[in-house]
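Undergrad: Residue numbers (our numbering): 65 to 305.
Some clues are possibly wrong.
Subject to a maximum C-alpha distance of 20 Å in a straight line, what follows is the list of computed PhoX-like cross-link-like pairs (lysine-lysine) [claimed, not checked]: (1) K178 x K116; (2) K171 x K190; (3) K133 x K116; (4) K84 x K74; (5) K133 x K178; (6) K116 x K67; (7) K81 x K133; (8) K193 x K171; (9) K133 x K74; (10) K223 x K202; (11) K133 x K84.
Label-pair distances were calculated between CB atoms; the ranges are [to be verified]: (12) K202 x Q70: 23 to 31 Å; (13) A175 x L91: 16 to 24 Å; (14) G192 x R85: 43 to 51 Å; (15) V191 x A170: 44 to 52 Å; (16) Q70 x A170: 20 to 28 Å; (17) G192 x L68: 45 to 53 Å; (18) L68 x G138: 21 to 29 Å; (19) K116 x K193: 16 to 24 Å; (20) R152 x D195: 45 to 53 Å.
Treat the hints as calculated values from the structure; they're not laboratory data.
Every value quoted in this text rests on a predicted model; they were computed, and no experiment measured them.
Glycine residues also receive a C-beta, built at the ideal position from the N, C-alpha and C atoms.
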Amino acid sequence: MSKLEQLKEKAKGLEAKDPKRAVEIWLDALNNQDDTNPDLSIYNRIGDLYIKLRDPAQAADYYDQAVDKYAELGFHNNAIAMCNKVLRNAPARQTTYLKLAKLYAAKGFIAEAKQNFVEYAERMQKVGKIDHAFAALKEFTDISPESANLREMLSEHLKMYGTDPGKRAAAAGGRATPPTTAPPKPPPRPDGGEDVSKSGKRKTSSLVFLDLDEPRQPKGAKAPAAAAAPAPPLPAPPNSG
Numbered sequence: 065m066s067k068l069e070q071l072k073e074k075a076k077g078l079e080a081k082d083p084k085r086a087v088e089i090w091l092d093a094l095n096n097q098d099d100t101n102p103d104l105s106i107y108n109r110i111g112d113l114y115i116k117l118r119d120p121a122q123a124a125d126y127y128d129q130a131v132d133k134y135a136e137l138g139f140h141n142n143a144i145a146m147c148n149k150v151l152r153n154a155p156a157r158q159t160t161y162l163k164l165a166k167l168y169a170a171k172g173f174i175a176e177a178k179q180n181f182v183e184y185a186e187r188m189q190k191v192g193k194i195d196h197a198f199a200a201l202k203e204f205t206d207i208s209p210e211s212a213n214l215r216e217m218l219s220e221h222l223k224m225y226g227t228d229p230g231k232r233a234a235a236a237g238g239r240a241t242p243p244t245t246a247p248p249k250p251p252p253r254p255d256g257g258e259d260v261s262k263s264g265k266r267k268t269s270s271l272v273f274l275d276l277d278e279p280r281q282p283k284g285a286k287a288p289a290a291a292a293a294p295a296p297p298l299p300a301p302p303n304s305g
């Protein structure tokens with residue numbers, strides 16, 4: 065039996081009666097195992113022992129190490145299980161929600177990925193670190209097979225927090241709205257006349273005058289002809305008598 069196997073057997077025998085000593089033996093086993101084929105269940109065992117020792121923060125540390133190790137090797141289900149154990153014992157660890165989001169995205173579970181990313185983004189927003197959420201969005205969508213759809217969907221959620229990714233991108237690019245310029249002044253009149261836009265006077269030719277007392281004539285109609293002069297009276301007939 066190899067030294068590593070001996071350490072494992074010894075640690076297992078101590079878990080029930082002396083968990084503190086068992087932790088020490090398991091840590092020794094971690095340092096003696098081959099990195100090319102590690103036994104990642106040791107991290108879980110150490111975490112469980114710290115729960116027995118009423119030290120959930122330390123337990124979460126080892127569960128979190130197991131998350132990273134399992135994820136590196138592609139064991140997504142194991143990594144997700146370890147994430148859940150981290151959150152049960154250290155619910156304030158925001159990065160665990162991001163890890164869960166990435167793991168679910170890698171498995172193609174978009175709804176679960178979205179749920180955990182939004183949770184992470186909300187927590188970042190509450191502590192004033194919304195930029196972390198945007199950075200994670202870029203990294204997150206790059207590994208998702210539905211990245212284009214997911215990017216749009218998550219961007220909508222980020223807008224809910226008062227920050228528009230499009231506006232931030234525009235600001236980063238240094239694009240600014242050009243200032244509004246006043247309309248150009250009209251050229252001076254060649255005849256030296258006064259500019260009506262300044263004086264308030266207007267040329268009569270620029271106005272359309274309407275006769276409000278008479279109905280308007282149809283366009284193209286001729287004006288009515290002047291009344292003819294009365295005809296001269298006829299001469300009296302000659303007197304026959």
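Undergrad: Could you tell me which of the numbered hints above are not met by this structure, giving the numbers in increasing order?
TA: Violated hints: 1, 2, 3, 5, 6, 7, 8, 9, 11, 12, 13, 15, 16, 19, 20; rest satisfied.
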